[in-house]
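Using the sequences and the hints, build the whole thing.
All you need for the working numbering is the position in the sequence shown, starting with 1, plus 426.
Treat the hints with care, since some could be wrong.
[Unchecked claim] Taking lysine to aspartate or glutamate and the EDC-like style, the derived pairs with C-alpha atoms no more than 16 angstroms apart in a straight line are:
#, residue 1, residue 2
1, 576, 600
2, 696, 649
3, 696, 756
4, 665, 649
5, 812, 766
6, 806, 754
7, 696, 749
8, 806, 749
9, 731, 648
10, 768, 689
11, 630, 600
12, 768, 754
13, 768, 756
14, 806, 848
15, 806, 753
16, 576, 597
17, 630, 574
18, 768, 749
19, 768, 753
20, 475, 460
21, 806, 756
22, 768, 817
23, 731, 548
24, 812, 753
25, 576, 848
26, 630, 675
27, 670, 734
Bear in mind the hints are in silico, worked out from the structure with no lab data behind them.
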Amino acid sequence: MHTSICMTPLALAALALTASAAANAQDAPATPADEADVKALIQQLETLKANYAQEVRRLRELDMQVQAMQARLSGKTAPLAGAAPPEPLPSSTPAAPPTGDGYASTAAEAQQAKEASRRSVDDVKQQTSTLFTRRFTLENSLSYARYDRKQLTLNGFLALDAIFLGNIAIENVESDTLTYNLAARWGLTPRLALNLDVPYLARKTVFQKGGAGGSAAAIAQEETTGNGIGDISLSANYKLFSEKGRWPETVLTVGATAPTGREPYGLSWKVLERDDDDFIRFAVPEQQPTGNGVWQANVGLSAVKTADPAILFANIGYIHSFENSFDDLDANPDTVNPGDVKLGGSYYFGAGVAFAFNERTSLSISFSDKLSARASTRFKGGQWVKIVGSDANAATLNLGITYALNQNTTIVSLLGIGLTPDSPDFTLAFKVPYIL
Numbered sequence: 427m428h429t430s431i432c433m434t435p436l437a438l439a440a441l442a443l444t445a446s447a448a449a450n451a452q453d454a455p456a457t458p459a460d461e462a463d464v465k466a467l468i469q470q471l472e473t474l475k476a477n478y479a480q481e482v483r484r485l486r487e488l489d490m491q492v493q494a495m496q497a498r499l500s501g502k503t504a505p506l507a508g509a510a511p512p513e514p515l516p517s518s519t520p521a522a523p524p525t526g527d528g529y530a531s532t533a534a535e536a537q538q539a540k541e542a543s544r545r546s547v548d549d550v551k552q553q554t555s556t557l558f559t560r561r562f563t564l565e566n567s568l569s570y571a572r573y574d575r576k577q578l579t580l581n582g583f584l585a586l587d588a589i590f591l592g593n594i595a596i597e598n599v600e601s602d603t604l605t606y607n608l609a610a611r612w613g614l615t616p617r618l619a620l621n622l623d624v625p626y627l628a629r630k631t632v633f634q635k636g637g638a639g640g641s642a643a644a645i646a647q648e649e650t651t652g653n654g655i656g657d658i659s660l661s662a663n664y665k666l667f668s669e670k671g672r673w674p675e676t677v678l679t680v681g682a683t684a685p686t687g688r689e690p691y692g693l694s695w696k697v698l699e700r701d702d703d704d705f706i707r708f709a710v711p712e713q714q715p716t717g718n719g720v721w722q723a724n725v726g727l728s729a730v731k732t733a734d735p736a737i738l739f740a741n742i743g744y745i746h747s748f749e750n751s752f753d754d755l756d757a758n759p760d761t762v763n764p765g766d767v768k769l770g771g772s773y774y775f776g777a778g779v780a781f782a783f784n785e786r787t788s789l790s791i792s793f794s795d796k797l798s799a800r801a802s803t804r805f806k807g808g809q810w811v812k813i814v815g816s817d818a819n820a821a822t823l824n825l826g827i828t829y830a831l832n833q834n835t836t837i838v839s840l841l842g843i844g845l846t847p848d849s850p851d852f853t854l855a856f857k858v859p860y861i862l
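Below, the structure written as structure tokens:
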């Protein structure tokens with residue numbers, strides 16, 4: 427059995443004096459046995475010194491590891507009430523040499539490690555739900571979305587099960603949208619936060635149509651643009667439950683969106699004609715809309731759970747659109763038909779995971795989907811009619827990287843890949859939250 431011998435510095439000093447006195451005694455004749463005893467004592471002294479230095483080093487390393495782990499877990503586990511702080515090492519304990527492993531050697535360094543470890547987690551929470559500890563955050567974001575859809579229209583019949591007789595038309599719509607969003611986040615209380623989003627959109631859409639005379643090679647093309655402020659949103663986040671044990675942090679979100687953008691109804695249209703061919707004649711809007719044109723209200727729940735080094739998050743919600751009246755609902759530029767529009771309700775949900783690599787960087791992977799019901803229109807004096815093809819299923823795979831530039835500024839990059847025909851082909855966004 428191995429026995430570890432631990433002695434205090436005072437005992438070591440006494441042993442050293444004893445050995446020194448035995449070695450330097452001049453009044454007694456030295457014998458071979460005495461010399462052997464002195465050598466044995468000196469060897470034992472050196473062994474005890476080495477063991478003592480090693481134990482001190484191990485104690486210091488364990489103390490630094492405990493401080494670092496407490497700093498990392500402070501975001502998930504609160505200290506026990508009435509718990510006494512760890513006892514400091516005696517002042518006579520020699521300081522251990524730097525280990526180079528990144529452990530905190532002082533209380534100040536431990537506090538810095540604690541704040542640094544929480545930063546990456548806080549940045550992820552700010553993007554997935556909200557962070558109530560930040561009093562005021564100003565966020566600038568720029569996003570780009572690409573949408574490209576082709577549609578084949580057949581007007582005729584199939585003869586002999588192999589030959590198509592009639593007209594063939596190919597329609598293609600390519601849309602590029604650049605959005606700048608200025609957002610403000612206020613943490614009013616440890617449970618309540620307000621959010622204001624003001625977007626500005628710049629859109630370009632290319633319309634193509636082919637099939638004149640039944641030939642798909644004859645194509646007409648027109649490009650339209652539009653820019654302006656979008657629909658402004660105001661929302662509030664309320665923390666229902668804090669993260670505790672297996673229970674995630676749960677946040678309730680309620681908000682409203684005002685139709686401040688250019689509505690898609692009642693726009694001026696221009697007609698495209700080529701060689702007086704009625705088949706290729708079609709109308710396109712002179713300007714692109716920047717909003718939905720109706721008031722919307724939304725309610726949702728989001729949950730965040732830290733499982734070091736991963737952060738799990740999920741959300742679910744519903745968007746309700748209120749009906750609104752417009753001066754013209756008809757896409758025909760030759761007629762004016764006022765009426766009402768009622769967009770279908772939308773359900774959205776999503777889930778993902780983020781990995782905090784260090785105090786500055788985290789990577790997130792998530793899936794989101796939005797299911798929208800059919801919209802309905804009613805011309806003045808008529809009945810509600812559902813618009814065929816207005817329902818949508820927009821699913822997206824999202825990849826994101828968060829990097830903290832300094833204590834107050836973070837860069838967030840997001841790449842969204844469309845998984846269904848109703849979602850954009852891809853979206854690319856950059857956000858820069860700044861803590862004031």
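Hint numbers contradicted by this structure
Hint check: 4, 7, 9, 14, 20, 24 and 26 fail, others pass.
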